[in-house]
Amino acid sequence: MNFGDIHAAGAPILMAVGGCVVLLTDLASKRSATRKFGTFLAILFCIASMVCSYTLGGQLRTAFSNGIAVEGLVVTMQILLAAIAAITIVASSEILQSFHLPKGEYRALILLASAGAMVLVQSLDLVNAFVGIEIMSVAFYVLAGYRRAQAASEEAGAKYFLMGAFVSAILLFGIALIYGSVGLAMKANGLELPQGYSFTNIVTISKAIHQVPGFGTSPLFLLGAVMLIGSLMFKAGVAPFHMVAPDVYQGAPAPIAGFLATTSKVAAFTILMRFFTILAGADTGAAINVVVIGLALLSIIVGNTGAANQKSIKRLFGYSSVAHGGYIVLGLLASLGTESQAAAITAVTFYIVAYAITTIGSFAVVAWLGKDGEDADAISAYRGLGKRNLGAAITLGIFLLSLSGIPLTVGFLTKLGVFMALLSAGGTWVAVVALIGSAIGLYAYLRVISEMFFVDSTQQETSSTDGASKLVAVSAATLVIVMGVFPSQALLPSFEASVTAPPVSGDEVK
Amino acid sequence: MNELILVIVALPLIAAVIASLVHEKSAKSISIIGSAIACLLSILGITTGGTIDRGFHHVFNAPWLPKLGLMFSFGLDGMSSLLVLLTTFLTVIAVIVIPAPKNAVRAYYLSILVAGALTNVAFASLNILLFYIAFEAALIPVLIAIGMFGGGDRSKAAIQFFVFTVIGSLLLLSAIIGLRIATGTFDYLTLHDLVAAGAVDPSLLRWFAIASFIAFATKAAVVPLHAWLGRAYINTPTGMLLLLSGAMAKLGVYGLIRFTLPLGGDFAESLVPLIVTLGAVSVVYGAFVAAAQTDIKAVIAFSSISHMGYIVIGAVVGDDAARSGSVLQMLNHGITTGALFICCDFISRYRGSRQVTALGGIWSDSPLFSRLLLLFTFSSVALPLTNGFVGEFLILLGAFHKFPYQTAIASAGAIGSAVYMLWMIQRSIYGGSKSDASKVISLGVSERSVLLALALMIIGIGVAPSPLLAIASDNGHKVGAAMQPEVK
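Protein chains in written order, with the numbering used here: chain S, 110 to 619; chain Y, -5 to 482.
Just so you know, the hints here were simulated from the structure itself, not pulled from any lab data.
Take the hints with a grain of salt, since some may be wrong.
Claimed, not checked - Dumping the calculated EDC-like pairs for lysine to aspartate or glutamate here, alpha-carbon to alpha-carbon at most 20 Å:
#1 496(S) x 18(Y)
#2 145(S) x 214(S)
#3 496(S) x 147(Y)
#4 22(Y) x 441(Y)
#5 433(Y) x 339(Y)
#6 96(Y) x 565(S)
#7 96(Y) x 339(Y)
#8 268(S) x 356(S)
#9 150(Y) x 289(Y)
#10 420(S) x 264(S)
#11 396(Y) x 313(Y)
#12 150(Y) x 565(S)
#13 420(S) x 356(S)
#14 61(Y) x 448(S)
#15 496(S) x 565(S)
Given the sequences, and given the hints that come with them, work out the whole structure.
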C-alpha cells in the first residue's frame, strides 16, 4: 500500500471518514450548534471527495493489489455519487427538522452509504464489490426506516432489510460459484493465475472466459454469473426484484427516497457495466442474453403498467424507477455486442446521470410541496397545482415529460442513445416491446400533468417553506432542459472521456 | 438568405418570450407583430433563392449535436414553402381573430406561437431526426392548449390526443434510428440518394415504410387511426385548432410524400393500394359521422377526416397532377376549415351554443357573417370557382385511372359532404332563432377583414389556381435530379 493506492481509493475513504467525523462532532457538541455546522462538515467532505476523484483524471489505474480500478467512468460516477449525497443532505434538513429526527446519524448514514457505493463502482475484485454493497445496503436499511414513528417507513425498512439480506447471500453464493468455476477451469487447462490477481478478480474471470474453451457455457459459471447479475439487479430495483422499491420509496421521506433510488442504481449499474464488458464477445451461450432481455422487458412492462394507476406519486416514481432500470438494462444488453459496446457504454452512462438528476428533482418537488414535513404524496394533492403554484407545477411537468422521453428534455436523448445502441446490436423486436412500454408509461406521467394543469380545484395554496428542496428541484429542472438541448456543451465531453479508457479486459494481462 | 427559415421560426418564438414577460395587454399585439412578420417573410420562402441543393432552395446547415447526427438542416421546395406559409398565416389569424382566455392570456399565446414555430421546423427540416424532434415537441404546446383552455372534456381529450400521436411517432423514431444505423446519417438528401441507389437493406426500408405510415396516418387521422380526432378537435380551443387541423395534421400527408414514399423503397409502393383504400374509406366514413352530428364544431371536425382522405389519396397515387392537387388541397383545407372553425367560434361566442337545435335566424340577424359562412361552406363542399373544387378535382382526376373503384367511392363521398354541410347550414343559419338569448354576431374591423381575406383567397385560388399549382407541383420529385449543389 502506498500513497497512490490511497489516492485511488480516496473518494470513498473521504466519505467514510466524513461519516465518522460527522457522527463524532454531533456527539461532542450541543444540539442547536450542530445543525448548520454538521451540514457544513458533511458537504465539505463530499466536495473533498469530488476533488479527489477529479484529480485522478481519466487514465486507468489499479490499486490495492488490483482490487480496485479507477478510470474515467468510475471518476464520473464517483463525482455523481458525492453530488447526490451533498444534495440529499441539503434538501432534507427541513424534513428532519419538522419531524425532530436526529440529524447527526442521518448525515453519517448518507456519507457511509455513498462510501459503500463508491467502493462498489471502483471495485475490480468481486469480493470488494461485495464489501461495497454491504456498506451501502446496511446504511440504506436504516435510512429507509428512518422515520421510526411512522408505520409505512418502518415497514419499508424491515422489508428492505429482509429482502436485501437474502439477496446479499445470493450474491455471495454467486461470487463463490464464479470463484470455484474460474479456479477449476484454469487448473484443468494449465493456465497461470495472472500475477497479482485473485480468482475473484474481473481480470482473471475475463481471462478464463476468453482463453478457456467452453468456460462461458459451463453450468457452474453461468449459475454464478446469473446469481451475480440477478442480485445486482435487485440492488438496482429491476423487475422481478422490484417488489420492495415502491414500498420503500413511498415509506421513506422524499429526499431519502430520491437518494435511495439514485445511489443504488448508479452503483449497481456501474459494476454491472464493468462485469458486462468482460462478457462482450465471449461465448456464453444464450443464457445470459435471455436473462438480461427478460429482466429488461419485464421491468419496462411492470414498471410502466404499475405506474399507470397509482394514487401515490412516490409509488409512481417507484414504478417509474423500475421501468427506467429496464431501459438501462437494455443499454447493458447492447454493451454485450462487441460493435455496439462503446455506444452502449456512453448511452448507459448518460442515462444514469440523467436519470439521477431527474429523480432527485422529482422527489425534491414532492418535498417542496409538502406541508409540515409531510410529503405531498397523494396525486390528488396535485390537482389544480398549475393555478396555485405555477413554478412547482412547471418544474414537476418538466420532470414528467423527461421521464416520458419527450424531445427537448434530457429523457429523449437518453432513450435515443439506448435505442440506437440496442438497434445497432440487432435487438429490433426488443426495442419494439420497449417502445410499447414507453407508451404505457406516457399515460402514467400524463395523468399527473393533467391533474396539475387541466383539472380545476378548490384547494387552497399550501404555504411551503422548504426552500432547499425548491432550489434543488428548480436547478434539476433547468439541467434537464439544458442537457436535453445542449448535452454536448453541458456534460457529454466528460462521458466521452470516460469511455476512452475502457475497463480492464483480459487481453492486457500476460 | 439561407437563414430565412431560421428567421421565420425564431421571430414567433422571440415574440412569444417577450409576450410572456410583458403585461397581458401588450401580449396580443406583440404576438401579432412577431407572427405577421414571419408570415410576410415566408412569402419570400416560396421564391427560389439562397443555396440550392437537389431541388431545395434556402438550404441552411449548422451543427446541433453532430455526434448524434443531429443537424439544423433546413431547405424549402415548393411544397414545404407553401406549408410554411400556411402555418405562419394560420398563426397570425389565430392570434388576431380568436380572443385569448381571460385568466391565462400569455400562456395561451405562448402555446400557439411555439406550436406554429415547431411545425415550421418540421416542414422545413432536411434532417430526419430534427424533423422527428419538431414533430413530437410540437405536441406539447397542443397538449397544454387543449388541457388548459379546452372544452369540457379537455383532460381526457388532451391525454388521448397525446398518447395516440406519440405511440405513432415512437414507431417512426425506431424506424429513423434503423435508417441511421444502416446508413450512418440522418440527412434527408443523403438518405434519399442512398435509397434511390438501392444501397439500403430492403427489410429495413420495409419497417421504415410501415412505421412511418402508421405515424403519419395517425397524424392525418386516416381511418382507422383517426380515433383521437373527434374528442381532440371538439375540445381544442379554436386558436390552437386552426393550427392543429390546418397545419399540423398536414404534417402527416407531408410525411407520406416526403419520407414514406421516397424512403420506403419498393414496399412503400406496394402499400399504396392499401393507403388509397383507407383514404377512400376515410372520405366516406368522415361524411357519415359528420352527418350524424348536431354540434357544428363536431360537423366540421369530422368533415376534416373526409377531406384529409382526399388529400391522402392524392398524395400517394403517384400521379403528378394528383400530387400537386393534394399539396394545393392541403393549403385549401387549412384556409377553408380554419375559416369554418372561426365562424363556429363566433357563433358559439355570440349565441352561447353550437348545437344546430339551438341556433337559427343568423341569416337575417347577421347578414355579412352568414353570407361569408355560406361561401366557406361552398368551398368546403368543393363547388366550382372555389378553391376546394380545384384541389379535389385534380386529385380525383389523377387517381381515377389508377384506382377507379376507390376513386369512385371517394367521389361519392363528395356528395355526402354537400349533404351534411348544407344540412348543417340550413339548420343553424336559416329560419327563426330557436333560442331566446340570441345575440347579433357583430364583427369588429379586424375580424371582418380576416374573414374577407379568407373569402378572397378562397375565390382567388378557385378562379386562378395556376400560380399556386406551379409551386405545388414542386413537391419532391425533383430530389436527386441535380446531384451537384450549386450556389446562387
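Against the structure, the hints:
A distance of roughly 17 Å separates the Cα atoms of residue 496(S) and residue 18(Y); the hinted pair therefore holds under the 20 Å criterion. Between residue 145(S) and residue 214(S), the direct Cα distance comes to roughly 14 Å. Compliance with the 20 Å bound is thereby established for this hinted pair. A hinted pair counts as satisfied when its Cα atoms are at most 20 Å apart, and residue 496(S) with residue 147(Y) qualifies at roughly 19 Å. A threshold of 20 Å between alpha carbons decides the hint, and for residue 22(Y) with residue 441(Y) the separation of about 14 Å falls inside it, so the pair holds.
With a C-alpha separation of about 14 Å, the suggested pairing of residue 433(Y) with residue 339(Y) holds against the 20 Å cut-off. For the hint linking residue 96(Y) to residue 565(S), the alpha-carbon distance of about 15 Å falls within 20 Å, and the restraint holds. Distance check on the hinted pair: residue 96(Y) and residue 339(Y) sit about 16 Å apart at the alpha-carbon level, within 20 Å; holds. Under the criterion of a C-alpha separation no larger than 20 Å, the hint pairing residue 268(S) with residue 356(S) is consistent with the structure, at around 8 Å.
With a C-alpha separation of about 19 Å, the suggested pairing of residue 150(Y) with residue 289(Y) holds against the 20 Å cut-off. The hinted pair formed by residue 420(S) and residue 264(S) meets the criterion: a straight-line CA distance of about 19 Å does not exceed 20 Å. Of the pairs offered as hints, the one joining residue 396(Y) and residue 313(Y) holds, with about 9 Å between alpha carbons and a cut-off of 20 Å not exceeded. Between residue 150(Y) and residue 565(S) the alpha-carbon distance is near 14 Å, which keeps this suggested pair within the 20 Å criterion.
Our distance criterion of 20 Å between C-alpha atoms is met by residue 420(S) and residue 356(S), whose separation comes to about 13 Å. In summary, the hint linking residue 61(Y) to residue 448(S) is supported, as the alpha carbons are separated by about 17 Å, within the 20 Å threshold. A hinted pair counts as satisfied when its Cα atoms are at most 20 Å apart, and residue 496(S) with residue 565(S) qualifies at roughly 8 Å.
When held up to the earlier numbered hints, the structure conflicts with none and fits them all.
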